[in-house]
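Chain A is fixed; fit chains B and C onto it per the hints.
In the order they appear, the protein sequences are chains A, B and C. Residue numbers for the first sequence, in our numbering: 60 to 348. Residue numbers for the second sequence, in our numbering: 135 to 383. Residue numbers for the third sequence, in our numbering: 23 to 336.
Worth flagging that the hints you see were computed from the coordinates, not collected in a lab. As the structure is a computational prediction, the values presented were derived from the model and not from experiment. It cannot be assumed that every hint is accurate.
Listed next, the in silico EDC-like pairs over lysine to aspartate or glutamate satisfying Cα-Cα at most 16 angstroms (straight line) [unchecked claim]:
1) C:K155 <-> A:D319
2) B:K296 <-> B:E359
3) B:K296 <-> B:D364
4) B:K296 <-> B:D272
5) A:K338 <-> B:D196
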Amino acid sequence: MTNAILTGLMLGGMYALIAMGLTLQYGVARIMNLSYGEFLIAAAFASHWLFTGWAISPFVGLALVVPLAFVLNFAIYKLLLTPLVRRAPNRDALEVDSILATFGLTFIIQGSMLALFGGAYYSYSFLAFPVQFLGETVAANRLAALGITILLGLALYAALTRTRAGTAVRAVAVDPFAAQLVAINVPQASALTFALGGALVAAAGVLVSTFLTFSASSGVVFTMKALIVVVMGGVGNMLGCLVAGLALGLSEALVASYVDPGLTLAVNFALFLAVLLVKPAGLFGRATR
Amino acid sequence: MSQGSGTPVLTINGLRRAFGGLVAVNDLSFAVAQGEIMGLLGPNGSGKTTALNLISGVLRPDAGTIRLMGQNIAGLASYRIARLGLARTFQLVRVLDGMDCRENIKAGLAFQRPHLSAADAEVRIGALLDRVGLAGHDRRPAADLTYIDRKRLELARALAAKPRLLLLDEWLAGLNPSELAIGIDLIRSLRADGITIVLVEHVMSAVRALCDRCIVMSSGRKIAEGATADVLSDAAVVKAYLGGVAADA
Amino acid sequence: MTARVAGFGAAALTALALLALVPRLGNAYYLALAISLLQYTVLATAWGMFSGPTRYVSLATTAFFGVGAYTVAVLGEILPWPLVLLIAAALGAIVAGIVGLSTLRLSGVYFVIFTFGLTELIRQLVVWFEVNKSRVLGRYVFVDITQADIYWQLLALTAAVFLLGWLIARSRLGFALRVIGEDETVAKHCGINTTFAKVALFTISATVMTLVGAIMAPRWTYIEPSIAFNSMISFQVLIMALLGGAHRLWGPVLGAVPLTLLFELLSARFPNTFTIILGCIFLLIVYMLPRGVAGLLEKLSTTAGGKTRQRATA
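Excised from the complex, chain A in its bound form:
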């Protein structure tokens, strides 16, 4: 039981990290990014390539992959998404357009990865030895990933609440129009936030690759889970992300160890539906006026 809970919490922490980037992209930049999970897998492949090809530790890999993902996502926002933002008469129209555009992007990235790496499952052995943690035996790579996840989460939280730029980002999340009136450069803030979200998911991808097997077509499931966590926690809400991520991880781990590992996605959906039926705006979402 403790083992299942511990596994669940570690998994949940990872889901929270994965979803944090999306909640930034959707909550602030207003882009519903369906290709989100593909960026995670791309980063996982990058880490795999660095580790197996160049013997570069994933921790060092983070320092390479994350900035690259930031730049790439910034470029994607500027080149691909800005035209949609400009032409959208309202938020709903932008949502539909961004869903379509990123859905198309999904297939481009997934297709590229399939062409490069084929459909096989990949993994590599990094810190794959057992350690004792809270009286249970867990894999060192999972523990290391959890530690970095917590660090990243805290850093992001501090950045959003303690810095000027962070305050600007939160202002855009609440009301882009009003934010503009207090001299916040909304397009720039949106682009940077989108890029930051991309950087976060890349970090998650590198970490995930140290302890999970993945394939070129695994992205969709991660997108799915990130979406569920974001909506369950309340769009744009960091604390909600954490709680929903943990809830998702725990329920998955419990079902996997006591019922059947094949039913995890069904559990995700069940949890998602349950939350939506009770609190349509998400656990920490604010009802709009």
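Below, chains B and C alone, put in the same frame as chain A:
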């Protein structure tokens, strides 16, 4: 002024709605008699639009009752309330841009019970276009209309449902003086049809010209109620407006 | 007006009669191609029936197609064919009803997320059931259905879909959906039960997709979940409907026909990079032709003729 008889068209009792810690509407109670035009006044953020949204079913109240012709409609879905005889316009004018004027009005009447025959509906639509001053614009796309014509069209759509109660949310805002005079006449003429009206309005000349009685809200609460002239000269009301402006800025 | 409708009906019937003769050509390649064309025409038109007027993007075409195909895999040999189709349709309708009722009363995002994951969810559930309960993964489809039978069934379904779409567009339900697509809040205040209207149309559209899956199933002799629930179908149907223009009943077919032919060519010539090419084509359409070919034609006809915008819904 004209005080109708029988059950009030609208009776609100102890209405409350909070958003998180902010109580947008707090213990609001009032009644509107048949044929009355009631003004709902107050500074920005005082809860007027929230009150309209509660009445029309966009929002669910946390507490309180809303009776339309004696029937409690609090918490009912908007479409049910609409079918019970309530129609409204919106603060930011909402017309169906992808449709022409006739279709816009048809949207207002096609889903009311009992259903009209197609021929009767066409006649009604034509009459409504005349009524609001859009005669001849039948097939014009709503997207091509001027601001006041969009307002007219929105009103025609609301009237198409033959409402017992009409909620107008700043329908006269943004009109120039001559348009305002036309608008005031139009609203006044609705009373002759037996339509009861609640209007949220900032244009004080229009409030004076139209409203039999007024309610003033501030910070979600009702702070004054009475005949229009009395309410507008009330010291507390003046303070709420001026104080409200200072607090908002 | 009635004369125009009659003329149109006569033309449609003639076309139908001519199309029914395709299997008589005796060319297996053309027949296979014609089946693909009809399959995607029906799927894209059914997609547009719901997503066009409401502007809710459904990514679950494959989920319903797969439910239909897999129903045939399980029941095809046991029950008579019409009953199998009926059960498939009922299953599709039930799944659509559940998804619709739980997500369509909320904002569109929940619907998109749900449909995005629905294919994977149902695929996992089927795998789980097959592995744990029935202990078979993958089934052989032995039913007495020829390629020509598949073609005729699809042709009948195509005719039914267009007739149904035309009737809905003229009905109060169709008008309600157009109002919802324009402004959902206004729709509610006009007395439209928006949830009912959306769920009803989503269910109709999904039932048609399920039937396509069931009818197509005998084309494979062997079906496993990854074949029945192939997410490429959702993607291709979406591209086709958008290229054609989903806001018109006749729009999606304008995308389905050329793209089916193009995809046939591309998937044979560039099997490894097909997905990438598809993604690029799709992005081009989203950016260059947001209202599809139908929107382009309308624009051309209005600017050329200078007449008022034609409003009749196909």
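Evaluation of the provided hints:
Note on K155 of chain C and D319 of chain A: the hinted pairing holds, with a Cα-Cα distance of about 12 angstroms set against a maximum of 16 angstroms. A hinted pair counts as satisfied when its Cα atoms are at most 16 angstroms apart, and K296 of chain B with E359 of chain B does not qualify at roughly 28 angstroms. Distance restraint check for K296 of chain B and D364 of chain B: the Cα-Cα separation of roughly 32 angstroms exceeds the 16 angstroms cut-off, and the hinted pair is therefore not satisfied. Taking the CA atoms of K296 of chain B and D272 of chain B, the gap is near 20 angstroms; set against the 16 angstroms cutoff, the hint is violated.
Using a Cα cut-off of 16 angstroms, the hinted pair K338 of chain A and D196 of chain B holds, with the two alpha carbons roughly 15 angstroms apart.
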